[in-house]
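A.B. asks: Letter by letter, the chains look like this.
There are 4 protein chains.
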Amino acid sequence: MGEVKDVPLLSELLKDSPKNWGKWGADDEVGSLNYLTSLEVIRGVGMVRSGKVFTLQVPMGAPEGDPIWPGRRTAQRVNVMDHSHYQCGKGPHFPGELHYADDMMIMYLQGSTQYDALGHVWYDDQIYNGFEAETTTGGMTKASVLPIAEKGVVGRGVLIDMARYRLKNVLDRGETFDHEDLMAAAAQQGVEIKKHDILIIRTGFIGSFYTMPSDNFYDNFVEPGLTYSPELVSWFKDMEIPNLVTDTIANEVTIDPVSGIALPLHSALMRNLGVAFTEITILDELADDCAADGQWAFLYVAAPLKVVGGSGAPVNPVVIK
Amino acid sequence: MGEVKDVPLLSELLKDSPKNWGKWGADDEVGSLNYLTSLEVIRGVGMVRSGKVFTLQVPMGAPEGDPIWPGRRTAQRVNVMDHSHYQCGKGPHFPGELHYADDMMIMYLQGSTQYDALGHVWYDDQIYNGFEAETTTGGMTKASVLPIAEKGVVGRGVLIDMARYRLKNVLDRGETFDHEDLMAAAAQQGVEIKKHDILIIRTGFIGSFYTMPSDNFYDNFVEPGLTYSPELVSWFKDMEIPNLVTDTIANEVTIDPVSGIALPLHSALMRNLGVAFTEITILDELADDCAADGQWAFLYVAAPLKVVGGSGAPVNPVVIK
Amino acid sequence: MGEVKDVPLLSELLKDSPKNWGKWGADDEVGSLNYLTSLEVIRGVGMVRSGKVFTLQVPMGAPEGDPIWPGRRTAQRVNVMDHSHYQCGKGPHFPGELHYADDMMIMYLQGSTQYDALGHVWYDDQIYNGFEAETTTGGMTKASVLPIAEKGVVGRGVLIDMARYRLKNVLDRGETFDHEDLMAAAAQQGVEIKKHDILIIRTGFIGSFYTMPSDNFYDNFVEPGLTYSPELVSWFKDMEIPNLVTDTIANEVTIDPVSGIALPLHSALMRNLGVAFTEITILDELADDCAADGQWAFLYVAAPLKVVGGSGAPVNPVVIK
Amino acid sequence: MGEVKDVPLLSELLKDSPKNWGKWGADDEVGSLNYLTSLEVIRGVGMVRSGKVFTLQVPMGAPEGDPIWPGRRTAQRVNVMDHSHYQCGKGPHFPGELHYADDMMIMYLQGSTQYDALGHVWYDDQIYNGFEAETTTGGMTKASVLPIAEKGVVGRGVLIDMARYRLKNVLDRGETFDHEDLMAAAAQQGVEIKKHDILIIRTGFIGSFYTMPSDNFYDNFVEPGLTYSPELVSWFKDMEIPNLVTDTIANEVTIDPVSGIALPLHSALMRNLGVAFTEITILDELADDCAADGQWAFLYVAAPLKVVGGSGAPVNPVVIK
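Protein sequence lines, in the order shown, are assigned to chains L, R, X and P. Quick note, the first sequence lines up with residues 46 to 366 if you use the numbering used here. Quick note, the second sequence lines up with residues 46 to 366 if you use the numbering used here. Quick note, the third sequence lines up with residues 46 to 366 if you use the numbering used here. Quick note, the fourth sequence lines up with residues 46 to 366 if you use the numbering used here.
By construction, these hints were calculated from the structure, which means they are not laboratory data. Treat the hints with caution; some may be incorrect.
Remember, identical chains collapse to one label, so a pair may be satisfied in a single copy or spanning two.
[As the list claims (entries may be wrong)] Capping the alpha-carbon separation at 20 Å, the derived lysine-lysine pairs in PhoX-like fashion look like this:
#, residue 1, residue 2
1, Lys135, Lys187
2, Lys282, Lys64
3, Lys240, Lys64
4, Lys60, Lys282
5, Lys97, Lys196
6, Lys282, Lys239
Modelling step: build the complete structure from the supplied sequences, incorporating the hints.
C.D. replies: Okay, structure coming up:
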């Protein structure tokens, strides 16, 4: 991203923005996921009606490429053992002659559907809960994705389909919305966003990756999404939202159109309030089903990989309706 | 593994062993997971009592190493961006000065807690459902882990603690047990293994990795586990077990002590019956909790990563009690 | 590359093309490099005049990217240890407190200046010297790059500057030339291409990578280069050229304009005659110097990395004038 | 390595040790390689007698493993395309049906025969020539291996066979020697170490890797090698040695037996004097030949890969006799 003149610093924009630091102790590394108590688990489980299951990860290592943040590389899978090795006499001999296939993958930990570590982004040299930014050096020793992966994320999920609400397949590039829009869409859907809900927002953006050449997708890359306002931050704080899940790569509009700042909600919601971010999900099939049966709230279960020191980790979230 | 004299071939041992090929259609790639219908999902959800959540993956990229099958390498995580880049002026400038950490991982797809693709192992040049072994070449185009990841695994899980049943912290190297032992242990636990249950077996073996130098763990590597018999295979078939989950690396005793064959259950259960294998879980904390509250059956939710063509994929399974 | 109608097969085009198979024994894996006897080494050494040294590799892992064949990925270097680890207390303690930096690289073996293994390409299921194509499966066990790396390449090199000859900075996309052009250019340069010379051809193409955005470089990717004719192949055979070195990615015009075949010289020269191919060198500085001092022949010394089973290996060739 | 009590700091041990910082300008990044002027190139070329060629790299990615510093991983090569892909219809179609093999490698840049960057090691937060240690963070921007690779290393090499001098196949673990020993061995060999010679020392250590199980090689890992003394450092300075090449992993005894410091010569010679270090060569075949023909001095030509920002880079050095 180019530098923009007269853009304020995050530390300036957010100088009065609320923080949940210390709320769950000085050592806390999972932030607003603490809201997901066993009671909330039970509340989520209580949403199950029909036993339908949806998985929200995008494919990894697809021939057509995967949707990723520009500058990262897509996951690359390579075989180290398969049928061909046995055909030409290079396979290992096991007693009884079992044959097997084996493979490796090289990946960015945030190069597919993933949970960000709460310490993934920062300003003013401090990450979530006031840990020093220096703890990220060479591998995160504080607020990495590991504690999130150890806890697991289980609760009541609610899907807000902003694209459908605006009568589009996909929101436009750079198109924004806020909490008022979310509530309006929820009302139209006939569902209520409740305190402690896992908030899942559909823009159609990730789904659009699969409908065009990838060069077009990345050309003039600006995502649609939530946009910053003090009121929106307060709403997230008051609603005690534990987890924000979207079908975009960065969960918010790429550049805040008011301040010109890149990705301010990463700081306002994740760094300051400890809201967990789940990015690059695909929600189109789930949304179609919810539109069909009218059930927009459900049990959401997700646990990213337990990567020690990870700034994020891939995940395949499960929705049970 | 060295070659052993007079060991029969898998094709010989299993020539009369039952198959579920074709049972769910010629194109089926998820096998016994087909038993997990929405009714079974509801049955699993019905097991939730207290809202306690457990995650079953081992850590990845731990400083002390991770437990893996000999010959594979442990996952390696490396930073590509962190606080130090900004300290020395090498970080990117975003409008507003957002800072972030980013990292990559190089991993074996079966180098942590993982689901095997149904086509991961074979004999006689055919994988699950009769697909040609040649389909594994260069990346699996049939019965890869992808369809499992797309479906997700949700149902009633039941934990059988064989170590506890035998009054040990860890089963001995090469120690075996069978379905009769499982049922006896279940009876003692006061739980019943029911048709279509996701069968989770604790041996203590993976937990033991973390109690000793890794050289000791790998020295004379022979795992404890289930052992082959025609009766055991019939039991799995009749019980319509969709998924076998253990805290060992290969879900069965390394060498069948009767035939001398390596890993015959991979063929008898996975290749022939389509039973999904989940390996390298850690079950110690869950087992302690079940022993404490007496609840050995629960909701099990797992979805491996959607790796296109993968012979397996890592997963962080979630248990909700 | 798209398929073209009515393009003949390589096996058809080259059915009467000469082969050096068996010429150096049934086990030979270095082909025409056998021409580089100790006498040829002495001949090369005899070309040294001033002691000037040139290195011909392109940079690897450059921020602006590296020139590679479309579909491959550029080399990626990542730090695993540096000053920042010591700054934040994560560095290892050595007695005396030595600090160090350490890094890894992920690379295509043909993703920089490199020697092709003689078995790198083939048609009709046979690679150089008649070895079965199956020997390439899972890693080359015949005619890999290893024997080339073990032998080393030392001899008299001669630079033919086709771009300069045609009064261009860079040859046009798809622009071709043949052995007659090479000899005409040599004559104008005042140098003779002699039997057993290492033939180095400058087109300016790799140098042009560094003068434009990489998207432009890859757009409608067609390289300039040598083009197939039976006479050109005979000339290479008669001149007993051990090694062809160019500043293009594939050492020949991408599509033969007569037959429509992709890269026929890889087969005619490398597979059939055993001519070693060195690709992706940068020759601009060397060419300027040769133009300035009129010395176009010199000692050439190159040894690719000894990669076991490699289909190629990176190299930084040295020219001594 | 464990910490040892009462071991002085490098900054203490070397507080009066000579430096060549600034000698070749404030921006110099190749240090003592500056001694290798074109005159020295000519001197090296003048050593060629018979035209025999030797390559000094160890194999990379060998099935039995490669010799590396404990804690690093051996290079891993993986195929991404080979004959098997065409066999099963997964190969790309090129006009004319050219087939090819392609592969990748994951490697430590110092995980095979390699040149260290002059900035690879340091103490007191400064690397060679006084550049800040911070310049190593995230990739070396000063005194990386790139300038060495761009220059190339060409000169008169002299082999001193310490193992042969001491009538051993391999020096003992931790066995030391110094410049006096080198000169005594040279005298017995009938060769003189001259000013500006590339100094190549054989211990037999790397060769021994290939004679034993690798566990034995790494067990109680202590290398034989040169050992620190102020006189030895002065000798290197006065002799203006441009490059130290050995068949050990770290070019010096692992722990200085006098001070208890790990690898002090890395600092005294490389960081302070700018002597280039070439490590993990294999010299056994070359040494046998030199012993047979009595020619211990020769032309040495080496150019590591041009890795941008690399702390080191692999190389396959060439000796021409």
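A.B. asks: Each of the hints needs a verdict: does it hold here or not?
C.D. replies: Quick rundown of the hints versus the structure:
1. For the homomeric pair Lys135 and Lys187, the shortest alpha-carbon distance between copies (13 Å) is at most 20 Å, but the shortest distance inside one copy (45 Å) is not.
2. With identical chains, the CA atoms of Lys282 and Lys64 are at most 20 Å apart within one copy only, with a shortest distance of 9 Å there and 55 Å across copies.
3. Within a single copy, Lys240 and Lys64 get their C-alpha atoms as close as 18 Å, which meets the 20 Å cut-off; across copies the closest is 50 Å, which misses it.
4. Taking the shortest Cα distances, Lys60 and Lys282 sit within 20 Å of each other inside one copy (16 Å), while across copies they are farther apart (57 Å).
5. Only between protomers do Lys97 and Lys196 lie at most 20 Å apart by alpha-carbon distance; the minimum there is 10 Å, versus 24 Å within a single protomer.
6. Taking the shortest alpha-carbon separations for Lys282 and Lys239, only the intra-copy value of 13 Å comes in at or below 20 Å, while the best inter-copy value is 45 Å.
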